[in-house]
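Using the sequences and the hints given, assemble the complete structure.
Protein chains: 2
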Amino acid sequence: MSDMTLSDHDYRTLAEFRYALRRFLSLSETAARSAGLTPRQHQALLAIKGADGAAPIGLGDLAERLALHHNSMVELADRLADSGLVSRIPDSTDRRRVRLALTPAGEEKLAALSAIHLEELRRMRPVLQRLIDRLT
Amino acid sequence: MSDMTLSDHDYRTLAEFRYALRRFLSLSETAARSAGLTPRQHQALLAIKGADGAAPIGLGDLAERLALHHNSMVELADRLADSGLVSRIPDSTDRRRVRLALTPAGEEKLAALSAIHLEELRRMRPVLQRLIDRLT
DNA sequence: GCGCTAATATCGTAATACGACATATATAGA
DNA sequence: TCTATATATGTCGTATTACGATATTAGCGC
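Going down the list, the protein sequences come from chains A and L. Residue numbering for the first sequence is 2 to 137, as defined by this note's numbering. Residue numbering for the second sequence is 2 to 137, as defined by this note's numbering.
Quick caveat, the hints were computed from the structure, so don't treat them as lab data. This structure is a prediction, so every number in the text was calculated from the model and none was measured. Where hints are given, some of them may not hold.
[Unchecked claim] Now the stretches of chain A that chain L is said to cover, found in silico as 3 or more residues with beta-carbon under 8 Å:
hint	stretch
1	48-60
2	73-86
3	96-109
4	117-131
[Unchecked claim] Heads up, incomplete: computed chain L residues facing chain A, CB under 7 Å, no partners named:
hint	residue
5	Leu15
6	Ala68
7	Arg123
Beta carbons are placed, not taken as given, at the ideal position from N, Cα and C, and that holds for glycine.
In structure tokens, the structure reads:
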């Protein structure tokens with residue numbers, strides 16, 4: 002907080018940053034829904050795939066990664082399992098734990114969505130770079 | 002779409018990007034709610050402030066900027082006006098139009114929140130830069 | 001075994017974005 | 001100027017979903 006009073010330039014930077022974010026998120030949502038997924042479902046698939054430990058990620062860790070409370074994560078996992086996109090895998094040693102793995106259907110949808118997102122991020126790169134540079 | 006098959010590195014880049022986004026958005030939400038605002042309300046205040054035309058921004062343009070349908074924007078404007086954060090200003094020449102301006106209370110809350118957000122973005126800068134550079 | 005903690009699950013509730021529809025104003029064309 | 005159409009905002013019912021509170025099940029130290 003170097004200076005408490007913000008300039009118009011600061012506000013504009015913040016506003017444009019949020020605008021870029023919303024455009025990305027809006028595009029992402031449209032793509033996800035076209036694939037029959039909610040945005041959260043898509044993000045969950047990506048987080049599952051992107052979390053490379055040796056073992057599949059558990060509900061609790063996934064909840065943290067998605068910034069969801071554990072019970073919301075349980076419900077999200079229910080919906081994903083009902084849709085046949087992930088499968089619940091009980092942990093072999095700790096029977097309280099449940100891990101999630103992508104089904105082939107989940108892999109497939111995620112792959113298609115990820116290609117779109119990667120392309121979009123690459124397209125956005127100059128804008129993002131410009132905004133970052135503006136942060137003084 | 003240079004190559005249809007995505008590498009683990011691609012997935013991890015996407016996952017980490019989303020994770021960074023969620024952390025930012027989560028922080029933003031917490032800050033907004035601490036100030037008695039919903040995230041959307043905060044974003045609306047910022048978009049109003051950041052939209053520099055000669056005249057205050059209208060409902061329709063604001064809806065587009067916030068990626069909301071016009072009726073959702075009307076309801077959001079209702080809630081903002083009820084909270085005393087913005088005031089509806091009928092357009093002088095086109096009486097269909099309604100413009101929104103920040104009240105002093107709105108300015109004040111936005112200023113406090115914006116300082117927090119600018120600080121956070123500056124803190125995130127290295128992470129964002131690294132992610133952008135990873136986009137090949 | 002007993003008390004305690006941790007992980008997952010269940011259920012009722014509230015917030016809010018949307019679809020469908022309604023109203024008010026502007027504009028073009030005969 | 002009158003009428004048809006388009007545009008901007010507003011209203012209302014509904015559905016989705018994240019959360020709080022609570023419950024259940026499993027591990028752990030003693």
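- Message: Output the indices of the hints that this structure fails to meet, ascending.
- Response: 2, 3
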